[in-house]
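S.K.: Below are the chains, spelled out letter by letter.
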Amino acid sequence: MSVAVRSMAEYAASGETPEVLFWVGCAGSFDQRAQRITRAFAQILNKVGVKFAILGKEEACTGDPARRSGNEFLFQMMAYNNIHTLNGYGVKKIVTACPHCFNILKNEYPALGGNYEVIHHTTFLQQLINEGRVRLKDGGAFKGKKITYHDSCYLGRGNNIYDAPREVLEAMDVELVEMKRCRTNGMCCGAGGAQMFKEEEKGTTRVNFERAEQALETGANIIAANCPFCTTMLTDGVKNKEQEDNVKVMDIAEMVAQSLAE
Amino acid sequence: MHLIQQILFLICAGVAIYIFSKSVVRIRRNINLGRDEDISDNKPQRWRNMVLLALGQKKMFKKPIPAFLHLAVYAGFIIINIEILEIFLDGILGKHRLFAPMLGMLYPFLIGFFEVLAVLVLVACLVFLIRRNVLHVRRLWMGELNGWPKTDANLILITEVILMTLFLTMNSCDLVLQSRNVEHYTVTNAFWITSHFTPIFSGLSSGTLVAIERSCWWLHILGVFAFLNYLPYSKHLHILLAFPNAYYGRLIPQGEMKNMPEIQNEVLYMMEPDKAPAADAAQEHKRFGAKDVQDLSWKNLLDAYSCTECGRCTASCPANMTGKLLSPRKIMMDTRDRMEAVGKNIDKNGTWQDDSKSLVHDYISVEELRACTSCQACVEACPVSINPLDIIMQLRRYLIMEESNAPQEWNLMSSNIENNMAPWKFSPDDRDAWVNA
Ligand code: SF4
Ligand code: SF4
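As given, the protein sequences belong to chains A and B, one line each in that order. Start counting the first sequence at 0; every next residue gets the next number (numbering that gives the first Met the number 0). Start counting the second sequence at 0; every next residue gets the next number (numbering that gives the first Met the number 0).
Isolated chain B, as found in the complex:
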């Protein structure tokens, strides 16, 4: 019996890890669809940011209540994984509560602590479900989340609730079995939470209890394997990617826009032709700005995979607050959707085959892009160091420089700047007229 369980467990674990590693390879490939960007400066600051922003969830604490609940789920998730380690080793070795004899008195204390966390996670997930589905907190109930995004969020919360219930049921049954000295059930001291639930189960026969305990154990660990392989298709990928994303986050002032050296050089060669390289050294034309995900940098694409769809960016976006179409969260979700569509296209055809679609126009409309005031509120708000503004600006550059797609007023503004050195139609000779006004 034990041997069969052991073999089954090894097969499940092997399959789960294999499928997950395929996902990792796919995600890596998709992120690398983006252009190169060298982000290797200032390592100490980057490590600090990772600890503060990803591990410490610093930005979450701008909203204390969701921050606390989220911290409970997150701490629960991480710490209960230590328990998963035991479950995992038990599964491989065909043991039960492997760590109990090694840890002695500490063991029931630890498990008790896990149980407290499990209860916290359970409560937090229930509150989250209520906030989403009953209270309809605006940023969690906007139209752009209809369909999969809402299902995704609810699925994961319900899964967490189920996993925690299984964990607590398993321990309760275990305690009853221990008290009956059933073979294989290592005797430990009572666990803090589940010792109060034992009366619920004490009327059942030992055979039934073993069946329940074993089912919970199996469902729990299978649930964990399923969760692992669900992550790559979910906004919950941020559990993993928040860390690299915080590390590679921007260190320069938020107000600074990235330079385009290729255009800087073109202007230089125009002004000082003697500096221009010989004609044959001219490089192939790289598209100005970004039309599609391949034109963005890999960091933009890592951003898209890291997005938690929490909508903090959108809730602070002045354009969105005043009813414009623009939503920085949607920019990130569209970028991820497009990147995955491009990835699927490559998987299917071996190489990228033009599907006559692009991120601009087919996913993100010109109207959305136009509404951005470059206020950086979205960048500031994002708890996982995402920069929607950087993507918006690259798409705008493409629209203007490759499609000459600008509203009439901007064309006027540009020609004024070019001819009158100011965005309005004033004579440059009057530039110092204020002195005598």
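The shape of chain A in the complex, shown without the other chains:
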């Protein structure tokens, strides 16, 4: 099923300006699991009539994994080109479904001349719900379901956003059960700092296995996430415990997409 999406270039050609630019990010663009999150979020935006654009083929990696591995040169090159593109289109507001893209666009691009209002998709969804633009089914698919929420490092500690995603979950009437380590004390999934792209160092277990176990301890049937990398890591961790038939890892956008009122 295809999603109706227009690129920034198409908007520019027709002389229109979108409400917001959806920064899809590398995982959201290429990773098969994350593509489902991307499509879910785009469907929500379409459904409620948010005029949004993507950069499409003009989007490039923000440079986050390069910078965090220590490769500042590569990061600066990526940032230079992206800022060139964004400023060329006069982009003012960006929404992204990845906390790494969110953090770097919001906090690290301004020093390089890229100044935008940047917002994470969970905050955006919370605002749409509060404004009444997103309307959720009464007794939706997740009502009363036991759900635990995993704080991603770059949304939580990195940017102090703990409540917006939880408010979205509450709007779906879920039974939210917190893990022992949550909010400021939340544990990493193991993907950040460019770890996603290399084997872990020698240890007694893997970070994602440990975190998934903590999530399973809550007895929740769904682990809600806000980051494509966390989603992958936790899914692998759940599989490691052979719980994939009982416990699903879902992005909050996917949950909202399934709960939209007709």
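The hints are simulated quantities; they were obtained by calculation from the structure and are not laboratory data. No residue lacks a Cβ here, since even glycine has one placed at the ideal position from N, Cα and C. Incorrect hints may appear among the rest.
[Said to hold, decoys possible] Straight-line C-alpha distance at most 25 Å; calculated SDA-like pairs for lysine to any residue:
1) A:LYS240 x B:LYS424
2) A:LYS56 x B:ASP428
3) B:LYS58 x A:ASN159
4) B:LYS424 x A:TYR79
5) A:LYS238 x B:TRP423
6) A:LYS240 x A:GLU261
7) A:LYS91 x B:ILE251
8) A:LYS201 x B:MET141
9) B:LYS424 x A:GLY55
10) B:LYS257 x A:ASN106
11) A:LYS201 x B:MET332
[Claimed, not checked] Computed from the model, here is a short list of chain B residues facing chain A with C-beta under 10 Å:
12) LEU221
13) PRO317
14) LYS323
15) ALA376
16) GLU408
17) ALA436
Put chain B with the ligands on the given structure of chain A with help from the hints.
M.R.: Only chain B with the ligands this time, still in chain A's reference frame:
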């Protein structure tokens, strides 16, 4: 007799203060081995942080039991210092209980309050000793603390116990002597705690009691002088440095990594050559990232001196929790050790002489640095505003940009980003393929 005591006291105080001031100069010099970093913005917020985090110990209260005990020791330490002031002035002026006549009724109340604190400190220190040495709380019993760090922690706790015992013994004897109207022992009302201990001492002669009281007084104040000069060699330096460290702590979001303007400019000149300065204006190459302590900022080094070695960072580090070598506490301890080694080298040779060692490799291994997920749990956990992650990232920058030292997978990732605009090997033309998938 009094005059000799007075002179002796002045000599001891003078020596203690002299040695301490030399330490202060040394520590300042070592911190300034680091690179400049301008931290002068947003003063009101910085003062607030100092009050909340250092004075108020806000972050300690994430773990209420150690927080309460620590608060007792800390409050005891600060408030009993008012009593030290009296002891100090008594010592200089050859008086005894100088403040008693001035404060009248308030005096026994105050001393009683100090005594309650002294008992609290004593109990707290005993509990701390048990947590460390009997219960073996993991973060206080890890291998990286073997040797001096464990000794240091125990030494200070035992010293506190001794100092408080001396203080209480001194007051007990004093009360007995007062009741006998012995000359020089100003009569005050009974003190809250030690008035219950007087029977222990009442069988002794006044001469013995004076000897005990004087010995306690002397050992107490000498102990305090020794403590002062021990601080610079101990993790207990945090008693002082937690304050500036909280003041200079980071105010930007924890997720934000510091920019490197020198590389930003290189990329700019590459993309827009007309903006490049004339060749002769080119500056000398400053090492990219940090190989050694001189490449870190002075705030990183202040961090290292402020570290209490409490291990809250390490206990919340996902890499450490899953058995990796990385421990953010060890990063801070290594940085301090290296900084002190560099300082000693300078003291010995007049200027820095290359010792063919560096913070990376010789103190902190590549394997440790690689394991960090940049999750900022260590930064969040630290009660004294230390940022181990900032050091880790600067060392990583050095490894990649100066040594080209990267695992094969990261090299692949980088070349994918460079050529395909994504860390994986996908065609950039498929970037919007999800629309039709
Ligand atoms: S940022 Fe790195 S060192 Fe600090 S807690 Fe996370 S993984 Fe450990
Ligand atoms: S860095 Fe902070 S949390 Fe870690 S051991 Fe030192 S004082 Fe404790």
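S.K.: Evaluate each hint against the coordinates.
M.R.: We went through each hint and held it up to the structure:
| no. | hint | result |
| --- | --- | --- |
| 1 | A:LYS240 x B:LYS424 | 30 Å, violated |
| 2 | A:LYS56 x B:ASP428 | 6 Å, holds |
| 3 | B:LYS58 x A:ASN159 | 16 Å, holds |
| 4 | B:LYS424 x A:TYR79 | 22 Å, holds |
| 5 | A:LYS238 x B:TRP423 | 23 Å, holds |
| 6 | A:LYS240 x A:GLU261 | 37 Å, violated |
| 7 | A:LYS91 x B:ILE251 | 22 Å, holds |
| 8 | A:LYS201 x B:MET141 | 18 Å, holds |
| 9 | B:LYS424 x A:GLY55 | 17 Å, holds |
| 10 | B:LYS257 x A:ASN106 | 10 Å, holds |
| 11 | A:LYS201 x B:MET332 | 22 Å, holds |
| 12 | LEU221 | 43 Å, violated |
| 13 | PRO317 | 4 Å, holds |
| 14 | LYS323 | 4 Å, holds |
| 15 | ALA376 | 7 Å, holds |
| 16 | GLU408 | 4 Å, holds |
| 17 | ALA436 | 6 Å, holds |
Going down the numbered hints, you'll see the structure goes against 1, 6, 12, while the others check out.
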